[in-house]
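Protein chains in written order, with the working numbering: chain A, 1 to 735; chain B, 736 to 963; chain C, 964 to 1044; chain D, 1045 to 1125.
Hints are computed from structural coordinates only; laboratory data are not their basis.
All figures in this text were calculated on a predicted structure; none of them were measured in a lab.
All C-beta atoms in this analysis are idealised placements derived from N, C-alpha and C, irrespective of residue type, glycine included.
Treat each hint with caution, since some may be false.
What the hints assert, rightly or not - Label pairs and their in silico Cβ distance ranges:
no. : chain 1 : residue 1 : chain 2 : residue 2 : range
1   : B       : P763      : A       : L366      : 38 to 44 Å
2   : A       : P373      : B       : R872      : 34 to 40 Å
3   : C       : A1015     : A       : T298      : 56 to 62 Å
Said to hold, decoys possible - Going by beta-carbon spacing under 8 Å, a handful of chain D positions derived as facing chain B:
no. : residue
4   : Q1061
5   : T1064
6   : V1065
7   : A1068
8   : H1070
9   : G1073
10  : I1077
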Amino acid sequence: MIDQNVIDNHNLTRGEYELIVRLIGREPNLTELGVFSAMWSEHCSYKSSKFYLKQLPTKGTNVVQGPGENAGIIDIGDGQVIVFKIESHNHPSFIEPFQGAATGVGGILRDIFTMGARPIAILDSLRFGPLTSPKNRAIMDGVISGISSYGNSIGVPTVGGEVYFDDCYALNPLVNVFCLGLAEKDKVFYAKTGGAGNAVLYVGSKTGRDGIHGATMASAEFGKETEHKRPNVQVGDPFKEKLLLEACLEVMDKDLIVGIQDMGAAGLTCSTAEMPAKSGTGLEIDLDKVPQREEGMTPYEILLSESQERMLIVALPEKVKAVREVFAKWDLDAVEIGRVIDGGRMKVRFHGELVVDVPVSAVVDLCPIYQRPVAPAAEPAPAVHLTPPLPKDCGGLLLELLASPTIADKEWVFRQYDHMVQTNTMLLPGADAAVLRIKDSKKALAVTLDGNSLYARLDPRSGGLIAVAEACRNLACVGARPVGVTNCLNFGNPEKPEVMRQFKEVVEGMSEACRAFGIPVTGGNVSFYNDTEGASIHPTPVLGIVGLLKNIDKVVTPGFKSAGDTVVLLGENTAELTGSEYLKVHFKDEGGRPPAIDLAGEKAVQETCLAAAEAGLLRSAHDLSEGGLAVCAAESGFFGDDRLGCELDLDDDIRMDALLFGEAQSRILATLTPSNVEGLLHLARLNGIKARVVGKVGGDVLRIRHKGRDVLTVPVKTAFETWKEAIPRHFMFQR
Amino acid sequence: MKFGVVAFPGSNCDFDTFYAFHDVMKQPTVWLWHKDHSLKDVDCVVLPGGFSYGDYLRSGAIARFSPLMQEVREFAAKGGLVLGICNGFQVLLELGLLPGAMLRNQHLKFLCRFVSIRLENARTRFTHKGRTGQVLRIPIAHFDGNYFAPPEMLEEIEANGQVVFRYADAEGRLTEEANVNGSLHGIAGLTNRMGNVMGMMPHPERASETLLGSADGRVIFESLISRF
Amino acid sequence: MKVRILVSFKDSVLDPQGQTVKNALHTLGYDAIRDVRQGKVFEIDLAGVSRAEAEKIVPEISDKVLANPIIEKFAWQIIEE
Amino acid sequence: MKVRILVSFKDSVLDPQGQTVKNALHTLGYDAIRDVRQGKVFEIDLAGVSRAEAEKIVPEISDKVLANPIIEKFAWQIIEE
Ligand SMILES: Nc1ncnc2c1ncn2[C@@H]1O[C@H](COP(=O)(O)OP(=O)(O)O)[C@@H](O)[C@H]1O
Ligand SMILES: [Mg+2]
């Protein structure tokens, strides 16, 4: 029966087990223990993170739904809402990159269409080990094929994202997938049951033995045992999901259902417990009616399977027939497996026997919340960490940075994604943010994912702050104002006090920045236990921020447009070096402090850029991030159709390498026709920020002068080819 | 001109195609459901892109057995206009309404990007508003767009002037590099012998508004809409 | 009855997937590999079907559905009576 | 020597392609078909390799390159000495 060994295997502590016994008033049977262990896993219960997540600002006049549902909802006016969320699929993607990533896409899509929204965009934030290793290449190739296979097939464009490389991800890649949906405000659906007597319908794929304990797997470190956790991998069926998507949206459109929830982590268990828990009811289901793919499945297996492409729907009894007809139209079965009951219990029958009978609130709401030990805050690192010798060949350094996969062109990745289906994508991947028009309106949405884990490792608080600031800056560069935030927090083992310190500080930084920008957090995801063989990844917050453009004609695109345009730098050059891609790539130095950030200054820079965009002054804008000014100027050349160079003249009193490659925050490089320059400088003065003309666009060379001396001269063509080839060259012989 | 856009399970450019005909080109446009047997008196049937039946087995292989395809076959035999885009092209090949077959892209990766295609034959019902030799900038997005036909078939297609589009560079040159998926003779689109059925891999519905980067695809829609 | 149907490219059709596998194997040092062709296999479970019926059905579905005769050929066998 | 390697999903793994083919065949009226599993087949030409060597090489490359042991299984045979 249930001994310590069984409890351990379920990843429950003795204390948790005893609490379960108290809550249900007896010893659980094995199936019930399985139910609790899945729902009380870190992945489903947020037991280590909840305490800290509470401080995130979640309110706002435009917030229709904050955290707590499958996805957050923001009102964008005209009776429309956007629905968005980000999810991690890190552990499955390490075990089986293709299917792990593919099912990650499938999962986040379901979170969006469960709420009645049609998914309109996917973005992915990916982190891998260095490409010099064949293993890392195989993981990257598999992950990208997986995302492409699922997203392309279902017809949701993958419009952007990010790809970072660092040693710390070699044994623990990160795959975070974001999805944005669009819905009518009065056609949004929630995971609720309505009153007793309502019918519970199971729709989608049959249940198999796949993915049992997926949630628990994502809630433990990888070690040797992971080997036999392997058969848990699920295979995604995007075709089935497409049918499910259309059928679900159709029953919602026809107003045939009461509530709906996808079966994600913890499968049937999760939806069977959460829906009634949110509605103050109970639920009774009969497992014999659950469509099964394999023979001889036990109740334990049926309840905990994480087979993909399944949903649970609650409908009024008189609507069941109509629901069935819609699903039949899409060649899907909708099977009645139970009903809503009074009394707040989850009752599960199998072969006529009651195999689970527990209060839903115990399963869903009463999992203990932990305030795990937090290591003391670290001493701030010295501002000047080291003084590298001044570089002689800055052109060579620029090429070295452009060839660094983190900075290099990602076209090899996104050309494998259908980024244009649905015909809304105005700004293709590669821009600071993706921009999607909203059909039949003047509005457009901008979306970006961002997070720099080196900053977060050096100083978690700054890492959190900068991630928010930079994501908003990306939006400002295309002319969009941020309206809502989601986030994916990827960390190591929360039982390590140092990891908890990182977590606590990152969340504090994020909270502070979101408050400063006045943007609500409407949801997110936490992925702990990103450790392999005892080593944790860098703390990696990934921010997903959605922005709104009121007037689509005012969108600003990156890339120099024409020779003779003036280049203006918004913001201040300061002597930042540590934490930079430059020190990391060239000196293998990852010490010191991340660049400083001042939120008021940041906001003023963004406000200036936005005001200029709205006034139609800008011909291009691009923010300065990894690789600093030189990389930003080079990329601005690459993004334009004519691949123009530019000449920049700088006279700041700071080290030349910090000026060229340092990552001082809150800077944007903009280009304008000369006649608009005064307008921009005026806006900058109004906002109290530094802005100045630094050069002009033209020629086929990128030339930067410092105090009248040429410090960097590189033909755009050379730079472009270096940047373009850096990733594909690793995949020449890859299948 | 009344257009009908076919929806198969797994079609995913059906809305885009409908939007292009109905909202952009302002033409009467109706949905055609794969399980039905009626073409609703349309003048032109459009098979959209996507992944009908997941593209499992082979792209377009299963959609060809849809009930509606019997009607499409008869409609085409009587000279009705049929346009297949991407997956729709693949379905037409599988149906045998167009000659040849699609293989996996030569680099074995899905490929989504703008390409240039050269208009080879401006005397078809689908292209008469364009000029032979004209270069169009239109996106592609496919895994299986590497056109193949056995030598005799290929010869016949060429001899009949059935090739409508070839992958080219921006200047209209047929280079190996421009032939992004490895298609034989760089074929990106072709008609049947009678000239009333056309298939093309590039997506004209994605290139019908300048807002989205190109409106070159309108040539095809405008050709269809206006009589010869 | 269980049948197995092998569908592969005709010899005249280039098989880039097979080529890529071959290259991958060469990179790993398997030099003895002279050629690789990749195809599809279907294992089909037929209920209540005689041998004679199978001999009618299987080539029919192979030709009509499983293989595209322009580029592919097929072969089949009974693997379980 | 020529070998044939069959790679298919393990029995417990969902095979969406096989399912879809099965459904298509049902729609076409082939009701006798109870199940379809779809897999890959590789035909490999090995030069100057003995049987014993093949017995070493083939499982090795199947495991390492051709099949994904996490979700797939393989079987092989010699089809030409
Ligand atoms: N980092 C975070 N910030 C804000 N909200 C979060 C965060 N992580 C999780 N949440 C919220 O907690 C709830 C539960 O998340 P999750 O279990 O991932 O949902 P699901 O079961 O749909 O995957 C969701 O509403 C989610 O938005
Ligand atoms: Mg969910």
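Mind listing which of the numbered hints don't hold for this structure, in increasing order?
1, 2, 3, 8, 9 and 10
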